[in-house]
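**Q** Each chain, letter by letter, is given below.
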Amino acid sequence: MTSDPLSYLPLTEPTFYILLSLAPGKKHGYAIMKDVKDLSRGRVNLSTSTLYTALARLLEQELIERLDDDEQETGPGLPRKSYALTDLGRRVLEAEHVRLQGMVREARLRLREDGA
Amino acid sequence: MKRLYALLLYLFPRAYREEYGEELQSVFDLSLDDAMRSGGLEVARVTLRELSSLPYAVLHAHLRERRKKKMIGKFASHFDFEPGSRNETLAALAPFLFFGALTTLLTWLKVFDLMPLWFSILFAVVLWGTGLTLFVIGFRKGAPRWFMPYLGVPLPVISLIAFNAIVNPEWRGFPFLTDASWFATTFVYQGILWVWLLLSVLLIFLFTRFIPRLRPFHQRLRADWTLLCFLLYGAMPFVIVLSFEEFKREEPFLLLSFLALALGGWLYLRSTTPWKKFWSLLLGMTIAMSIAVMGQTLLYESSFPFTSFPLWTTTLSTVIMWIWMVLFMFISAALNMTAQSRSHGLSHP
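Residue numbers (my numbering), protein chains in the order written: chain A, 14 to 129; chain B, 6 to 354.
These are calculated hints, taken from the structure and not from any lab test. In this text, a Cβ means the ideal position worked out from N, Cα and C, and glycines have one as well. Where hints are given, some of them may not hold.
Computed footprint of chain A on chain B; a stretch qualifies when at least three of its residues, placed anywhere within it, have a C-beta under 8 Å from a C-beta of chain A [unchecked claim]: (1) 32-44; (2) 51-58; (3) 264-273; (4) 327-335.
Taking lysine-lysine and the DSBU-like style, the derived pairs with C-alpha atoms no more than 30 Å apart in a straight line are [claimed, not checked]: (5) K253/B with K94/A; (6) K94/A with K39/A; (7) K281/B with K40/A; (8) K7/B with K39/A.
If you want a taste of the chain A side facing chain B, the calculated C-beta under 8 Å gives, among others [stated by the list, open to error]: (9) G42; (10) Y43; (11) S62; (12) T63; (13) Q114.
Chain A with its partners taken away, still in its complex shape:
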């Protein structure tokens, strides 16, 4: 896997939200699913299998890591694995943030020009 964050860009919307969901700290699958829905204001509503397809790919790309949780930490019925951003994952997320900011800035300038 390449360690250059720019080579992972642009991120798809679900991938961006999954990484963003893990930015504050580790989460288990169901928490990610709910958080992605909240973050995207209901636009990205992942199914279980789609979420795990994405998580498996992100693990392969070493953007996230899988951690063992004890049952006390997660509570009964919740998955005993959680996911966390790796250093590379965080750098990719930051790079995507910068890229999106640039796009928004350009769009704002152009739209202002058109409006003027």
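Use these hints to put chain B onto chain A, whose structure you have.
**A** Below, chain B without anything else, positioned relative to chain A:
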């Protein structure tokens, strides 16, 4: 519905199911429980969402497994060892167990004429072939953890070459050592001999930083500061052999020293915290050197019956060697830890 989903999970490839099956079921159950609290319509929506996305996920998982199998088909992928697995341990400890202990054992058998010549030649060919193959594979695989001692093995040779280039017959020695004690002189000369080990480690650390292809390796070195120490540990078999230079019948002690080094390596691979790993290596190194000193003491008279040098000069020389090695271990660890804290400081101001 939950039971149906459990059955549908069998559509995924077995390896994928074993890895994620339990989580998939658990997350599905939680989604359904939440939906049930919101009413029948929400249950229908969740069920539809889950069922409609399943075919793509199943297909994707099968393609992923196929791709993995194709990779496994390649020879080198047999060396993708899981950290802490038996295969990783065997590969990492090979320089101490097979190339060190086993070779010594067979040399010992040869001394007593218990092994035919053809067998020692065949053994040497197989051993060197295996060693070289593992070196090339480890290098091509981006220097995984098990490969670290292999990188350390050739470093003492570099040290010896550099030392011989400095301390040549024309060299008059350091003027400040003319009136120095035996201990000070030996300490400095041992330092000149072994400092190249540390410089080589420093060069590896710096080179990997600036060569883009080697950057991932550099990042791993920074992520786990004990890796450089494990690399340095690979130099120990040669150091031990050198401490028995010109001794006779040293094989039993060499064998025990190599086994002690293997023990240190094994503890390193089993340890979970960086400091435990570090102390494991120091322990292996210390036991191995202690055995060497013990061997020197017991074999000195029979090996050098006419020498005028007292025994303590040899044993103390080995102790000085140990002091330098321990010092290098600490410097390698400190170098990496400093680099780590500096990078953390930069990324999170």
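**Q** Which numbered conditions among the earlier hints are violated in the structure presented, ordered from lowest to highest?
**A** Numbers 3, 4, 5 and 13 - these are the hints that the structure violates, sorted from lowest upward.
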